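*Asks:* With the hints as extra help, turn the sequences into a complete structure.
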Amino acid sequence: GNSVTQMEGPVTLSEEAFLTINCTYTATGYPSLFWYVQYPGEGLQLLLKATKADDKGSNKGFEATYRKETTSFHLEKGSVQVSDSAVYFCALSRSSGSARQLTFGSGTQLTVLP
Amino acid sequence: EAQVTQNPRYLITVTGKKLTVTCSQNMNHEYMSWYRQDPGLGLRQIYYSMNVEVTDKGDVPEGYKVSRKEKRNFPLILESPSPNQTSLYFCASIQTGTGSYEQYFGPGTRLTVT
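As you go down the protein sequences, you meet chains A and B in turn.
No gaps in the numbering here: position 113 of the first sequence is 113 in our numbering, and each next residue is one more.
No gaps in the numbering here: position 81 of the second sequence is 81 in our numbering, and each next residue is one more.
Rather than coming from a laboratory, the hints here were simulated on the basis of the structure.
Note that this is a predicted model, so its numbers are computed, not measured.
Beta carbons are placed, not taken as given, at the ideal position from N, Cα and C, and that holds for glycine.
Keep in mind that a hint or two might mislead.
If you want a taste of the chain A side facing chain B, the calculated C-beta under 7 angstroms gives, among others [stated by the list, open to error]: (1) Leu44; (2) Gly105; (3) Gly107.
Okay, the calculated beta carbon distance ranges per label pair [claimed, not checked]: (4) B:Glu79 x A:Gly78: 31 to 39 angstroms; (5) B:Glu1 x A:Ser83: 19 to 27 angstroms; (6) B:Glu79 x A:Ser83: 40 to 48 angstroms; (7) B:Tyr10 x A:Ser3: 26 to 34 angstroms; (8) B:Gly16 x A:Phe18: 46 to 54 angstroms; (9) B:Pro107 x A:Gln81: 19 to 27 angstroms.
*Replies:* Here it is as structure tokens:
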């Protein structure tokens, strides 16, 4: 079945540091890949997505590239801010089929210190 | 404004007392889903619905029921709550037209069963 494996947290960085959160997946077919962010006390918000191999999703300075050869979708940001402190979830969905095929990773807690 | 609403946001109840968590979306999406979020486990799908009167089990359906009598509403029902159902619950409405199954989440309901 489908699965998503995320880098174990928590991750603590200083402001302006470089961020990488690793995400690898196992899936049949050609899934779409997502990064969601959850700020304290809130629901999940879509951060970025990629729907096919070699696509790069980007938003708010975050980027992730869909690498089919390594089945990865690592999240990166060149210079993090305190406001980026949140939990980040990698997720995948099938490009066809039912909503049953929606799978999340376990989440990575990021804390950015001033 | 595209929105998914959930009520209540916080609920403390006792074992065995039936409860319903409501979920409503204004995006005319056919697909909706319920998740629970537990530390270290990420989001796990409880039930999903592909359209009115069409529902199916997710990964952790035991102890839960759902109904979908109208497209906009997808309530989650706990007939006899138990302490192991203490969790953070999220409803999601799913956009399928683009084929990427992008999800829009409600703000969450924090349930405590004593």
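*Asks:* Hint by hint, note whether the structure agrees.
*Replies:* Results for each hint:
no., hint, verdict
1, Leu44, "holds, 4 angstroms"
2, Gly105, "holds, 6 angstroms"
3, Gly107, "holds, 5 angstroms"
4, B:Glu79 x A:Gly78: 31 to 39 angstroms, "violated, 50 angstroms"
5, B:Glu1 x A:Ser83: 19 to 27 angstroms, "holds, 22 angstroms"
6, B:Glu79 x A:Ser83: 40 to 48 angstroms, "holds, 42 angstroms"
7, B:Tyr10 x A:Ser3: 26 to 34 angstroms, "holds, 32 angstroms"
8, B:Gly16 x A:Phe18: 46 to 54 angstroms, "holds, 51 angstroms"
9, B:Pro107 x A:Gln81: 19 to 27 angstroms, "holds, 23 angstroms"
Consistency note: the structure conflicts with earlier hint 4 alone.
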